[in-house]
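Chains as they are written, first to last, in the working numbering: chain A, 1 to 408; chain B, 1 to 362; chain C, 1 to 305.
Careful, some of the hints might be misleading.
[Claimed, not checked] Residues from chain A shown here face chain B by an in silico Cβ test under 10 Å; the list is partial:
id, residue
1, Gly-66
2, Thr-108
3, Ala-112
4, Lys-117
5, Asp-118
6, Thr-136
7, Ser-137
8, Tyr-181
9, Asp-184
10, Gln-185
11, Leu-187
12, Glu-189
13, Asp-198
14, Asn-207
15, Thr-225
16, Thr-227
[As the list claims (entries may be wrong)] Which stretches of chain A does chain C cover? Using the computed rule of at least three CB atoms under 8 Å from a CB of chain C, they are:
id, segment
17, 69-81
18, 237-250
19, 261-269
20, 340-352
Note that these hints are calculated values from the structure, not bench results. Please read all numbers here as calculations on a predicted model, not as lab measurements. In this text, a Cβ means the ideal position worked out from N, Cα and C, and glycines have one as well.
Read off the chains here:
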Amino acid sequence: MKKLRILSLAMTGALCLSLLAGCGGGDSGTSETPSGGASETPAAENTGSTATGAAFKIGGTGPLTGGASIYGLAAQRGAQIAVDEINAEGGAIQFELRYEDDVHVAETAVNAYNTLKDWGMQISLGSVTSTPGVATSALNYEDRIFALTPSASSPDVIEGKDNVYQMCFTDDNQGSASAQYIYDQGLGENIFVIWKNDDVYSTGIYNQFVAKAEELGLNVVGNATFTEDTQTDFTVQLTQAQGSDADLIFLPMYYQPASMILTQADQMGYAPKFFGVDGMDGILTMEGFDTSLAEGVMLLTPFNADATDEATVSFVTKYQEQWEETPNQFAADAYDCVYALKQALEEAGCTPDMSAEEINDALIQVFPTITFHGLTGDGEGITWDATGAVSKAPKGMVIQDGAYVGMD
Amino acid sequence: MKRLATMKKSTRNNLFTYALVIAAFVVVQALRVGPGIGSMLEGQLIPICAYVTMALALNLVVGISGELSLGHAGFMSIGAFAGSAFAMALQDSVGLSPLRLALAMVFGALIAAVLGFLIGIPVLRLNGDYLAIVTLAFGEIIKSIATNVYLGMDGNGLHFSFLNDTMDLSDGGVELIRGPMGVMNSQRISTFIAGFVLVLAALTIIFNLVNSRTGRAIMAARDNRIAAESVGISVTKYKMIAFVTSAALAGAAGTLYGCSQTTFVATRFDFNTSILILVFVVLGGLGNMWGSVIAATALTILPEALRQFSELRMLVYAIVLILVMLATNNPTLRGFFTRLFRREREGADAGVRAVKGGGGHE
Amino acid sequence: MVFLNYLISGIGLGSIYAIIALGYTMVYGIAKMLNFAHGDVIMVGAYICYFSMSGLSAHFEEGSLAAAVVPALAGTVLAMVVCTVLGVVIERLAYKPLRQAGSLAVLITAIGVSYFLQNAAQLLWSSSPKMFTPILSRDLQLSLPGGLSVSALTILTVVVCIVIMVGLTLFTGRTKMGKAMRACSEDKAAAQLMGIDVNRTISMTFAIGSALAAVAGVLYLSTYPSLVPTTGSMPGIKAFTAAVFGGIGSIPGALLGGLLLGIIEILAGGYISTQLQTAIVFAVLIVVLLVKPAGLLGKVVREKV
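Isolated chain A, as found in the complex (with noise of 0.2 Å):
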């Protein structure tokens, strides 16, 4: 027993004196963020010049890995592509890019954001998912380093933090604008909702849609719950949605467990209207998902990876060369973010020498000041308030053939 005690002792000083060795590699080292397939990304050129402050650091927390990684790897892929592309223009801005694993944990995301800070980081992308973003955007606000959001939808996430804008809508702006279209639209007499009661950004939307459909007088005939350890079996929501006369089932979730409910729709026979959120985006570029399942469901999205616009298709072709995968919202709004970042910088007059604080303030003074045209949003361009808000037209889409079609 005793030597058993000597020899665990031993191994756990081998692993402290690994962990010591692993923090002094991580200080020095400015690891380029993991970009696997892009091998010599220019960022990486930019990297041994970083020393003397050419280019600005901007850091971002996602879970990379894990159940929730997909959407932390898709807001880090187009944050690189965009980073990518604003380096090998060669302007005065330049960018290094670093993305941290925060396995969507509010503790981990800390210490990811803390990691980051160590690194000089001097411009933040906060974090891809709502809980963990409520705990570093909280950082943010006491570091002073500047946040702009790609997908931490959460109102809590900006709520009193004069410094942390989100590029999504918040999640009571989706719920109350779903509830709205649905009216004006005259969607549906009778509303079912199903939800995900663990899930912040489900449950964000789900309350305010309710409250607003209330309001307006939809006839919301009730609503069940799933959780995530439950999203496999939806016989029993979609039997209550079937029993209680639903024409319109309102799903506010993301698109892994919306296929399911509306495979398992599908099998029942059962085929009411689906009206999904921006989470839905993404359903039809899954792999192996039959599109005809899909056929006329109605989601609010901004973006839209099927659009003919330029930027659109040189985007989403280059995310596909890279990455083989169709991008989805994640990596539009983290790909604006940082070009967002960018106009914003140039107008403020940033160089990379300022410190994070310096930036942070002249970003604050510029954000709400500013329009900006990217992916995601409409021809009238994306615009801020000063609680850091956006304001931006969610359009509303129905799947038609396999692809989005606008519904105005």
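Given the structure of chain A, go ahead and fit chains B and C onto it with the hints provided.
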């Protein structure tokens, strides 16, 4: 004579553990005041203290009392929710934040202890893997319930609702627990010093318990239930004492953790977290408190230190975990270390050859 | 009507839990270890089947009988082969060196293996969800009187589940290897003295358990088609619960436990609350274990004095 020797050894061990914790605290504090330890490590100090306390608490159940619990994150969850809500509710009446934290920890520990007692009644009637699965079940139930609790406070007092938010707070009301959205702390009142004090308190409680009549009864029940019963030890009672103490410590650790985070949600305290804490305990050695301290610290920092591997990070973590488990249990390696240590001892004290093989006695 | 609908989908879900639980129970009964990596073997099996099916289906004429049967069958067999090899390799590399160590050390190693498989899968196959093509078309429905319909897939699942259970019962009861397994589960040292190769027996158990996991993976994903690297972990835990529910180590117990768990899960969601679905399942488990401390069909082991 032999008894004296064992007592001495355990005292030595305990003193070593205290010394280890205090020395680590002093070094870290000195570094923080002086050159600084970097934001990454700085931000992890309080979670490390919370995990160390969790590991100690679980070690009391798994190592000392010999029952495998797979749901300890549940107690941490209760402590985190109850403690944070309590601290926020007291924000106006108790101005001094360390005092508020202390009160919250006591409250969190108390609630967890009551729950531990209630859960202990059915759980401790079972044995082995069946006991393990029931603790797992309770952990999952706590998670589901905590996801659906809404608690708020306004001028009219406390409001509570379950499954749906029907609290209808008046203006100026505070939402303390917000169902699936978890807790949003208005202030982060936990400090590293509070964490250190909690770890020391946990050590003191555990060592005093283990070295008392009660502790010996607990270990007797672990080693041979039937023999213990035959000499008049009420096995269930003593196991319950260990279980409730452990739950209370876990609750306090949860409060410390909860009050250190801007936000946390119930799903944070899931099966994986329970398992993570079990890994600390097993790696540190069952019943070995300083082992738990070191393992909890090392394994909390490890995933962060592996960030240089970027996407391979968690893969490397898994490999390290497997290799460490294999290495610590490898007879050849163990034999090697045995020989190594024996040679050292022989070198230092060549005269005592006669004690050869003495290491086996223990 | 609604009740029967719930019941049917409960049985479908339960049969899948049962197949996974059978694998759990086999391994537990012989190796006395909780193999938490079992759920991730399911995931690996599903991925293998997914890729071989999408690779093969291109070679067949669409709509022909061959296109419906060959890729599905080949994919399943390939998944079973790969998982069997994987299971044996995991056992040799990670668990065998710990044969003499405490059960907790093995448990932690199993968790390490589980993390490893999930993360390796993410690196190999990316984390974006893949829509699994069912091995039997979802359109094949059997209509019952009263407007009920049962999908052919559900029927297949139940049939496969029963076949496996009967097969395993016969195997452990009648064959030499099966008897060796039972001997090992009773007393390893004594079995060794009787000339049984304990290591080989344990490897064999892992091989069977992993092959079952592959079958379970294919069936699970056919019914619930979204495939990601973490797909296996929840059914893994549920099946572990099911195995304990029925009495861990008992083959009919795993079947019973799996079926009951699936049915309770669906009914609890349907009639009580979808929010508390998981909580109710576990609460029922606790109550059952309090009444029958060794599970429904588990045998109570007398403690030796």
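Hint check:
Because the beta carbon of Gly-66/A sits about 8 Å from the nearest beta carbon in chain B, less than 10 Å, this interface hint is met. Checking Thr-108/A against chain B by beta carbon gives a least distance of about 8 Å; that is within 10 Å, so the hint holds. The beta carbon of Ala-112/A is positioned within 10 Å of a beta carbon in chain B (closest approach about 8 Å), and the interface hint is therefore held. Interface restraint check for Lys-117/A: the shortest CB-CB distance to chain B comes to about 4 Å, inside 10 Å, so the restraint holds.
Evaluation of the Asp-118/A hint against chain B yields a held restraint, the C-beta minimum of about 5 Å falling below 10 Å. This hint holds: Thr-136/A has a C-beta 8 Å from the nearest C-beta of chain B, less than the 10 Å allowed. Annotation: Ser-137/A was flagged as interfacial toward chain B, and the flag holds, the nearest CB pair being 8 Å apart, inside 10 Å. The closest approach between the C-beta of Tyr-181/A and any C-beta of chain B is roughly 24 Å, which is over the 10 Å cut-off, so the hint fails.
For Asp-184/A, the suggested interface contact is broken, since its CB lies about 27 Å from the closest CB of chain B, more than 10 Å. Against a cut-off of 10 Å between C-beta atoms, the interface hint on Gln-185/A is violated, since the closest Cβ of chain B lies about 28 Å away. The restraint placing Leu-187/A at the interface with chain B is violated, with a minimum CB-CB distance near 25 Å, outside the 10 Å limit. Taking 10 Å as the C-beta cut-off, the interface hint given for Glu-189/A is violated, the closest approach to chain B being about 24 Å.
Evaluation of the Asp-198/A hint against chain B yields a held restraint, the C-beta minimum of about 5 Å falling below 10 Å. Hint on Asn-207/A holds. Least Cβ distance to chain B is approximately 7 Å, under the 10 Å limit. For Thr-225/A, the shortest C-beta to C-beta distance to chain B is roughly 9 Å, which falls under 10 Å, so the interface hint holds. With a cut of 10 Å, the hint placing Thr-227/A at the interface with chain B holds, because the nearest CB-to-CB distance is about 7 Å.
Coverage of the segment 69-81 of chain A by chain C holds. Counting CB-CB distances below 8 Å, 3 residues qualify, and the rule asks for three or more. Chain C is given as covering the segment 237-250 of chain A, and this holds because 4 residues of the stretch bring a CB closer than 8 Å to a CB of that chain, at least three being needed. Counting residues of the segment 261-269 of chain A whose beta-carbon sits less than 8 Å from any beta-carbon of chain C gives 4, enough to reach three: the coverage restraint holds. With 0 residues carrying a beta carbon less than 8 Å from a beta carbon of chain C, the segment 340-352 of chain A misses the three-residue requirement, and the given coverage is violated.
Hint compliance for this structure: hints 8, 9, 10, 11, 12 and 20 are not met, and every other hint is.
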